[in-house]
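There are 2 protein chains.
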Amino acid sequence: MFIGIDGGGSKCRATIYSSEDGVIGTGVAGRANPLHGLSQTFESIQMSTELALKDAGMSLSDSKVLVAGLGLAGVNIPKFYQDIVSWDHPFADMFVTTDLHTACIGAHRGGEGAVIITGTGSCGYAHVGDKHLYLGGHGFALGDKGSGAWLGLKAAEQALLHLDGFAEHTILTERILNHFKAHNAMGIVECLAGQTSSVYAKLARTVLECANEQDHVAKKIVKEGAAYISELARKLFEVNPPRFSMIGGLAEPLAPWLDKDVIAKLSPTLAPPELGATYFARQKFRNNKT
Amino acid sequence: MFIGIDGGGSKCRATIYSSEDGVIGTGVAGRANPLHGLSQTFESIQMSTELALKDAGMSLSDSKVLVAGLGLAGVNIPKFYQDIVSWDHPFADMFVTTDLHTACIGAHRGGEGAVIITGTGSCGYAHVGDKHLYLGGHGFALGDKGSGAWLGLKAAEQALLHLDGFAEHTILTERILNHFKAHNAMGIVECLAGQTSSVYAKLARTVLECANEQDHVAKKIVKEGAAYISELARKLFEVNPPRFSMIGGLAEPLAPWLDKDVIAKLSPTLAPPELGATYFARQKFRNNKT
Numbered sequence: 001m002f003i004g005i006d007g008g009g010s011k012c013r014a015t016i017y018s019s020e021d022g023v024i025g026t027g028v029a030g031r032a033n034p035l036h037g038l039s040q041t042f043e044s045i046q047m048s049t050e051l052a053l054k055d056a057g058m059s060l061s062d063s064k065v066l067v068a069g070l071g072l073a074g075v076n077i078p079k080f081y082q083d084i085v086s087w088d089h090p091f092a093d094m095f096v097t098t099d100l101h102t103a104c105i106g107a108h109r110g111g112e113g114a115v116i117i118t119g120t121g122s123c124g125y126a127h128v129g130d131k132h133l134y135l136g137g138h139g140f141a142l143g144d145k146g147s148g149a150w151l152g153l154k155a156a157e158q159a160l161l162h163l164d165g166f167a168e169h170t171i172l173t174e175r176i177l178n179h180f181k182a183h184n185a186m187g188i189v190e191c192l193a194g195q196t197s198s199v200y201a202k203l204a205r206t207v208l209e210c211a212n213e214q215d216h217v218a219k220k221i222v223k224e225g226a227a228y229i230s231e232l233a234r235k236l237f238e239v240n241p242p243r244f245s246m247i248g249g250l251a252e253p254l255a256p257w258l259d260k261d262v263i264a265k266l267s268p269t270l271a272p273p274e275l276g277a278t279y280f281a282r283q284k285f286r287n288n289k290t
Numbered sequence: 001m002f003i004g005i006d007g008g009g010s011k012c013r014a015t016i017y018s019s020e021d022g023v024i025g026t027g028v029a030g031r032a033n034p035l036h037g038l039s040q041t042f043e044s045i046q047m048s049t050e051l052a053l054k055d056a057g058m059s060l061s062d063s064k065v066l067v068a069g070l071g072l073a074g075v076n077i078p079k080f081y082q083d084i085v086s087w088d089h090p091f092a093d094m095f096v097t098t099d100l101h102t103a104c105i106g107a108h109r110g111g112e113g114a115v116i117i118t119g120t121g122s123c124g125y126a127h128v129g130d131k132h133l134y135l136g137g138h139g140f141a142l143g144d145k146g147s148g149a150w151l152g153l154k155a156a157e158q159a160l161l162h163l164d165g166f167a168e169h170t171i172l173t174e175r176i177l178n179h180f181k182a183h184n185a186m187g188i189v190e191c192l193a194g195q196t197s198s199v200y201a202k203l204a205r206t207v208l209e210c211a212n213e214q215d216h217v218a219k220k221i222v223k224e225g226a227a228y229i230s231e232l233a234r235k236l237f238e239v240n241p242p243r244f245s246m247i248g249g250l251a252e253p254l255a256p257w258l259d260k261d262v263i264a265k266l267s268p269t270l271a272p273p274e275l276g277a278t279y280f281a282r283q284k285f286r287n288n289k290t
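Taken in sequence, the protein lines are chains A and B.
Quick note on numbering: UniProt numbering labels position 94 of the first sequence as 94, and the sequence is numbered without any gaps.
Quick note on numbering: UniProt numbering labels position 51 of the second sequence as 51, and the sequence is numbered without any gaps.
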């Protein structure tokens, strides 16, 4: 039996999968992004595993019979990969790869292809033959252009510039003030200072709403983000992936803002990343045995 | 006797001042920014105080005879002000205001006026009559446009976009790779992921150097930052401050990039922020007695 775990900037999802019975249990816990804290990552993996075991009617000690596949942000950086694989994990065996790789395996149900993830963060990945292409995904606030956190950050920046008298008035400012139940710039800062990317990402829906209502500032932000995502897609197309999908909470609302050539190549995702992680675990486990 | 403490994004400076003898001891410790951690802020205040006492040839328990003036970022936000004043401090008495206020008092040696701080962060402040005008200073990565951390973030963003093939080649990318002894985008991310504003601010000199060498990308970043600082200055001029100064590690290298009308009004700072904090403590202490 396999457990696939998909760590993300706001949630960690676990799925227990057996080759005979398919999915037999799932669990969801808090964020699991090694770039933003190892102990929280391990806690969320542990918690989502326990919930999945419970859901499957298994006992907590049964984690020892599961072969785990983990898809985690940042593990293409050697330091973070080492941090994760040195973990005293509760599984029979554990295989670690990037969240992009497991998402891609899932989206194309084990096949090759390309994916762009736009949720709390953003990044692109393609796997074709021997080629593994990673693009973007440098994390908040350094990269992740076009992501939920990026949209939220840009919108908060613009609202603060407006409230300080440096940028034009727009409905976006009012919506952001309402979102935080704040009355002025100070109130926004109080809600955002020192906060994680997922808090910023909660603003993304508001930004997209305002853009759809033709708010100039929101439209400019969304267009800039979407233009980057379109460029990201075209870079992935250069390695000729047989299939291309978009994943994450913003994939759907962002799609209409992408360039037409990108929209034309978009295919639906066939399975979620956590299921991709079980395919990955199974593949690795079998390769190790042979 | 008074102790003035200036907390900042990278350093905390303390100065012991007596009305008869002037400055009798100074101490410098690590960062003290309530927005980025209270315990670190208190530690840095404590440490800089101990070093200043030592420097003055006093014993550590002598903190109990000092009246303290603290200039700290973020204390114009009620929550953070409360956090600081509830501290079980080691002083005879403690008065807390923003780092902008004490910097302004220092720059104009007790008089009214306006200041812009451009160091790790950026912000503007003017004190004229009953008016206290606070502008910007919303903290990294939300605000602080034109600051050292902002210049560093923008430069790292552009370098990563270039390394991913999304932005033009420029010498800035090479300099940033050299700065971190990195070989690729992943190396830069490894050095910056989860890091504080002061780590980003260390890139600011490199950005300014490249801009002075006519690097297009660096010039665009520096011009955008300087344009904001010029606008910030003009907003401050609206309350007719009798004097205007710029403070912080970037005040000097940024000055040539500011608009001419702003440069024309620039006066030198007369005393450092930590001395401003002692003036503030003295003022408050005397007002409290009368």
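Derived by calculation from the structure, the hints in this document are not laboratory data.
Be aware that one or more of the hints could be misleading.
Which copy is meant is left open, because identical chains are indistinguishable; a pair holds if it fits in one copy or across any two.
[What the hints assert, rightly or not] Derived pair list, reagent style EDC-like, types lysine to aspartate or glutamate, alpha-carbon separation capped at 16 Å:
(1) LYS219 - ASP93
(2) LYS235 - GLU157
(3) LYS235 - ASP164
(4) LYS260 - ASP93
(5) LYS220 - ASP55
(6) LYS284 - GLU213
(7) LYS79 - GLU190
(8) LYS202 - GLU112
(9) LYS79 - GLU20
(10) LYS223 - ASP93
Those earlier numbered hints the structure runs against, lowest number first: 1, 2, 4, 5, 6, 8, 9, 10
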